Amino acid sequence: MSEQRVHFYQVGSFAVGNRLLSADDRTVQSSPHRTNSIDSGHRACQGCGEALGARYALDAAMRATNGQLLAVNATGCLEVFSTPYPETSWRIPWLHSLFGNAPAVATGVAAAMRVKGRSDVRVIGQAGDGGTVDIGFGTLSGMFERNDDVLFICYDNEGYMNTGVQRSAATPPAARTATTDVVGAEPGNGFGQGKDLPRIAMAHDIPYVATATVADLHDLERKVERAMSFRGARYLHVFVPCPLGWGSASNDTIHLARLAKETGLFPVFEAEHGVVTNVSRIRRLAPVEEYLKLQRRYAHLFGAKGRPDIVARLQAIADANIARYGLAPERGELDNREDA
Amino acid sequence: MLRQLEGSKAIAETVALCRPEVVCAYPISPQTHIIEAIGVKVKDGSLAPCEYINVESEFAAMSVSIGASAAGARAYTATASQGLLFMIEAVYNAAGLGLPIVMTLANRAIGAPINIWNDHSDAMAVRDSGWIQLFAETNQEAADLHVQAFRLAEELSVPVMVCMDGFILTHAVEGVDLMDQDTVDRFLPSYEPRQVLDPDDPVSIGAMVGPEAFEEVRYLAHLRQLDALDYIPVIAEEFTALTGRPSGGLIHPYRAEDADTIVVALGSVLGTIKDAVDHLRDGGERVGVLGITSFRPFPIEAVRVALANATRVIVVEKAFSLGMGGVLATDVSMATLGSSAVLTTVIAGLGGRPIAQHSIESMIGQAIRGELETLTFLDLDEGIIERERARMARTRRSGPFAENVLRDLRHNREDRS
Amino acid sequence: MERPFAITLDVGTSRANHTGSWRVERPVYVDRLPPCNDACPAGENIQGWLYEAESGGYEAAWRKLVENNPLPAIMGRVCFHPCESACNRVQVDEAVGINAVERFLGDTAIEHGWSLPAAGPDTGKRVLVVGAGPAGLSAAYHLRLLGHQVRLVDSSPKLGGMLRYGIPAYRLPRAILDAEIARITDMGVEVVANHTVHDIDAERREGGFDAVFLAVGAQLGKRVNIPAGDSSKVIDAVSFLHQVADEDPPMLGRRVIVYGGGDTALDAARTARRLGATDAVIVYRRNRDKMPAHAEEVEQALGEGVTVRWLSTVERFENERLVLEKMRLNADGFPEPTGEYEELDADSLVLALGQDTDLSLLEGNDNVEVRDGVVQVATTMMTNEGGVFAGGDAAPSDRTATVAVGHGKRAARGIDAYLRNVDFVSGDRHDLATADHLNTWYYADAPRTERPELERIRRQTNFEEVIGGLTEENALFEARRCLSCGNCFECDNCFGVCPDNAVIKLGGDVKYVFNYDFCKGCGICVRECPCGAIEMVPELI
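Just so you know, the protein sequences line up as chains A, B and C, in that order. Everything in the first sequence is counted per the numbering used here, starting at 2 for the first residue and increasing by one. Everything in the second sequence is counted per the numbering used here, starting at 11 for the first residue and increasing by one. Everything in the third sequence is counted per the numbering used here, starting at 414 for the first residue and increasing by one.
Treat the hints with care, since some could be wrong.
Straight-line Cα separation of at most 20 Å, SDA-like style, residue types lysine to any residue; simulated pairs [said to hold, decoys possible]: (1) Lys924(C) to Val116(A); (2) Lys571(C) to Asp535(C); (3) Lys117(A) to Glu202(B); (4) Lys117(A) to Arg29(B); (5) Lys646(C) to Arg686(C); (6) Lys635(C) to Val443(C); (7) Lys117(A) to Leu230(B); (8) Lys117(A) to Ala318(B); (9) Lys918(C) to Val443(C); (10) Lys538(C) to Ser528(C); (11) Lys918(C) to Ala287(A); (12) Lys117(A) to Ser67(B); (13) Lys53(B) to Ala24(A); (14) Lys196(A) to Phe100(A); (15) Lys53(B) to Val312(A); (16) Lys294(A) to Asp310(A); (17) Lys117(A) to Gly375(B); (18) Lys924(C) to Asp599(C); (19) Lys918(C) to Ser32(A).
These are computed hints drawn from the structure, not numbers from a lab. None of the values given here were measured: they were computed from a predicted structure.
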């Protein structure tokens, strides 16, 4: 079953809002009355995808819960740039404990709400990819298997950015980080490593698992809303480009997120009770080069001493994703990819 | 109502009377019987409303407690030994956030070598975490201290750890006068958090604090510990007024008023020491005991007063700081600064080694005679030590230290047989 | 609630931290010139009126349209829409059907009887407009808006010039033409039909006109010397179409040959078919690629049974036999004679070889410069003689109705400046909103709506309009295909994509403003603006 997109000319299907759309068809972000869960004055880098993703997700959750929301945050960029004493950017109740325990803390918050009969108050746990796939993985898996009533959101920028861009289990192959330098026969991060957390989450048979990017706001907001329609453990994995860590232009953040999806490198889908129920098909198929070339972490793959062999291996990963999830463009959509 | 029951069971019954709203459980000996018994009560509905959560680790247990407490629920968990160390980051965090969690610590040694029996190494490992640490001498006191712990924690917004000796107390069946629900309810009002996650009054809890304010934050936390020094005796008196039982407080002196020699200790070993002291008193020695209930905050003034007339102070402790010596003794020395009393430290009962009354008596005798070294290890097998050191000196690859000791013990037995 | 020091913070306090100080570039909202507007000879604000139409505000759209062009129902039919050729939407799928929406608005205005704005406050100045074609009508309209009195004279009995006498009714129904002309004359234009001006100086002097606009068109069909027998019927296309428009069509017989390759040739051939010709054959000396006529007109003509002899010239025409010489294109693409001949049966030959301007009214005037058969003008459309302006086909131009409308507007403004004795000021032209300024991702795929065509069998025999109009639903759809190049259309993208909440949504005319207290200058808003209405400028430090 694939989702039927409402085509609204000229931009209603893809842009944040549109004066011609009914209020219901606009995104939460289009409203001047949105929560701005994470407000101005935060210290995120220029063009930070995580700051954007967090506001998108939490504002949508605020709407979905009628403002009855509590958020638990792992240590990481999002925590550090939002709450340096004496200022906080949060406009929602927010708790930070440790790097690796956000899922468990969220479980505790949810338990408190349940014991107090506050079923109207919903709980979100959130972390970067390090706090999710690495150090927080144990508590996350525990939260999943107990099916605790928490929506956990991972803002995936593919590395430990707060500490200076080191490798995480979400760092993609060939990418340069401070701990996977571009030296040796296999420059950058190794192939055949890393965790695919959305699939691991699905293996827990939790009610809802979805991936999204900051490039498709309608999709992201719909998934948050969908997630909030379930009780139990839910997982949303949001792809958030990091200009600092990726060596990309600050204005390319959304563009890169879009390309990650349009190349097939980041599959956008949702699953219920362990079964994929919907995929976002590629609209304008792009070769991985188009995505990679905008990022200095892949600069060693291009130019005179480039590594077309490694680019081909990354393309193979994208192709495998396209095959696995059925991401190929719908008939009639343009295929912009040149035959290599 | 006085009942003969296992210490763990007494704790479970008492904790249940305190109406915890979220209980986290991850099993580790010798804490298991406590959480098992509470689990039954939640599952059969006798403890309600309460969320009982089987977590995947101690780290999660403390983390869930943090979340529950921050969201306004009365939170309880229990652990021991390795479990405490596994959750240590969260232990510090709970204190830093000022969350009034109550945790039972069924004191147990820390490996390697792995050892499930009692000593106080685990409690000492977190003495600087910002938790209040209360040590129980008996199961009755352990039970009573839990009721007081919730009151104390919530009043001061500080987490409290009730330390009871693993197996020696947790698994011992003795008579405990369990409180009834009314009495507990009168003593312990429902939890009114000082700060809470609330959609109607949003705040950010757990900010990053830099050099400009961190010292002040730490000092304020210290002041709250000092406040506890005032408050602990107050609630102990109130508790005694309500129940007729002297439980809790900062210290428990025993026959110390006129004593030249005072033995200072934590926990259940105080019973053995008191028996030894009684026996020595019968022999005319002016000896006494100072039991310390509140290890953190350390009641330095109360200890000073209690030890003011002693010429000899012996600190018996079930943990030590490797390369230095006694942990409790270091604290006691701060209380006896300027006094002429001779302070000695006796490390005893590590990893569950029995502390015999006669050993204590003999040790006190040595002290009175001025023969006790500043740092003594009670009933240490000197032969093993010498052989191992010789082996290590002979060959670089002498093998694992612990295995060598076990081998030597076997040889000793074979030699004897 | 008592809050623990430092660890717990009150919400939203970070607004004290003005991150705008990080910025080295700042985004600013801009209006760029949409390529359609840029390409429109009549100077229409196409993007502007489409914007109104998108929300169903058809009257507002029409009013914005007629600010520049008072003849939308006409132009929605006869304009060759260079706007659509320039449209950036081809980057997504196909150009927006601007012309169809313009016609829809024009027809809707006629249907609802919307009137043009009232004339401006009387200036007391009098202007003579010679020629009531599109240039003259446009000039009269704009002059009236500016408050000048206008006398509009034309040698024909009815107004419209080539719109009436050159464009067949199947392309431009007369009711439409009459309605839009009447709307202009109703603004208080003094109309004198059937009046040929022979001496412009005398006419100006005797009428006491402060200025004159010459919009006499190009009404003379060009003749070439083709040997033809006395009995052979030869007529120029302009005369032919004029006579048809006067409902006095000449008898051309069943086999009509039209010589020429422009739109007029096609009009003549298609008209001949409608008058009963079984064979309507166009003879053109080059091939289809080189044909100056608009491709869609060619397509329609072929669809109506008109045939074309490519690469052929007429050698002679006698005794109902037309002799053609075959041509070939040389390396430069020019036709060369081959010396090969062929013959065709023909009852008549229509010459559609271009038109000349009749400038006899300038005889005796030595000031106005005439070169290459047309009147030379400055950017204000003024000739070398003060107060004498010229435009439309009589001035250098592409000779389309739309250019004529543009000339009329420009001349009116030039005349106004002249009469007020102020400098003529052209409007500022913004930078062009080229395709590279757009982020076309956001535009949903939406193929254009084609206007219905009258089925062929019917249009071979009558003068019913061939191209139908759009329904309201289709017009709305089509209007909404507009990318709004270079002009904000309130998609909320900038407001939504800012990681720092540094865009304030105000709505109304202001739409959005940047909050430079917090804008870090990341540039995402610029990158993700669909229509290129934001740009980054260096911060002055």
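Do the hints match the structure? See the list:
Annotation: proposed proximity of Lys924(C) to Val116(A) is violated, straight-line Cα distance about 47 Å (limit 20 Å). In summary, the hint linking Lys571(C) to Asp535(C) is not supported, as the alpha carbons are separated by about 27 Å, beyond the 20 Å threshold. A distance of roughly 13 Å separates the Cα atoms of Lys117(A) and Glu202(B); the hinted pair therefore holds under the 20 Å criterion. This hinted pair checks out: Lys117(A) and Arg29(B) have alpha carbons roughly 13 Å apart, not beyond 20 Å.
Annotation: proposed proximity of Lys646(C) to Arg686(C) holds, straight-line Cα distance about 17 Å (limit 20 Å). Taken as a hint, the Lys635(C) and Val443(C) pair is broken in the structure, with Cα atoms around 49 Å apart against an allowance of 20 Å. For a cut-off of 20 Å, the pair hint linking Lys117(A) to Leu230(B) is broken: about 31 Å separates their Cα positions. At most 20 Å may separate the alpha-carbon atoms for a hinted pair to count; Lys117(A) and Ala318(B) exceed this at roughly 51 Å.
Annotation: proposed proximity of Lys918(C) to Val443(C) holds, straight-line Cα distance about 16 Å (limit 20 Å). Between Lys538(C) and Ser528(C), the direct Cα distance comes to roughly 24 Å. Violation of the 20 Å bound is thereby established for this hinted pair. Distance hint between Lys918(C) and Ala287(A) is unfulfilled; the C-alpha atoms sit about 34 Å from each other, more than 20 Å. With a C-alpha separation of about 25 Å, the suggested pairing of Lys117(A) with Ser67(B) is violated against the 20 Å cut-off.
Of the supplied pair hints, the one linking Lys53(B) and Ala24(A) is violated, its CA atoms being roughly 47 Å apart against a limit of 20 Å. Simply put, Lys196(A) and Phe100(A) have alpha-carbon atoms about 18 Å apart, close enough for the 20 Å limit, and the pair holds. Straight-line distance between C-alpha atoms of Lys53(B) and Val312(A) comes to about 56 Å, which puts the hinted pair past the 20 Å bound. Proximity of Lys294(A) to Asp310(A) is assessed by CA-CA distance (about 15 Å); at most 20 Å being required, the pair is judged to hold.
For the hint linking Lys117(A) to Gly375(B), the alpha-carbon distance of about 59 Å lies beyond 20 Å, and the restraint is violated. Restraint check: the Cα-Cα separation between Lys924(C) and Asp599(C) comes to about 38 Å, which exceeds 20 Å; the hinted pair is violated. Taking the CA atoms of Lys918(C) and Ser32(A), the gap is near 8 Å; set against the 20 Å cutoff, the hint holds.
When each numbered hint is compared with the structure, violations occur for hints 1, 2, 6, 7, 8, 10, 11, 12, 13, 15, 17 and 18.
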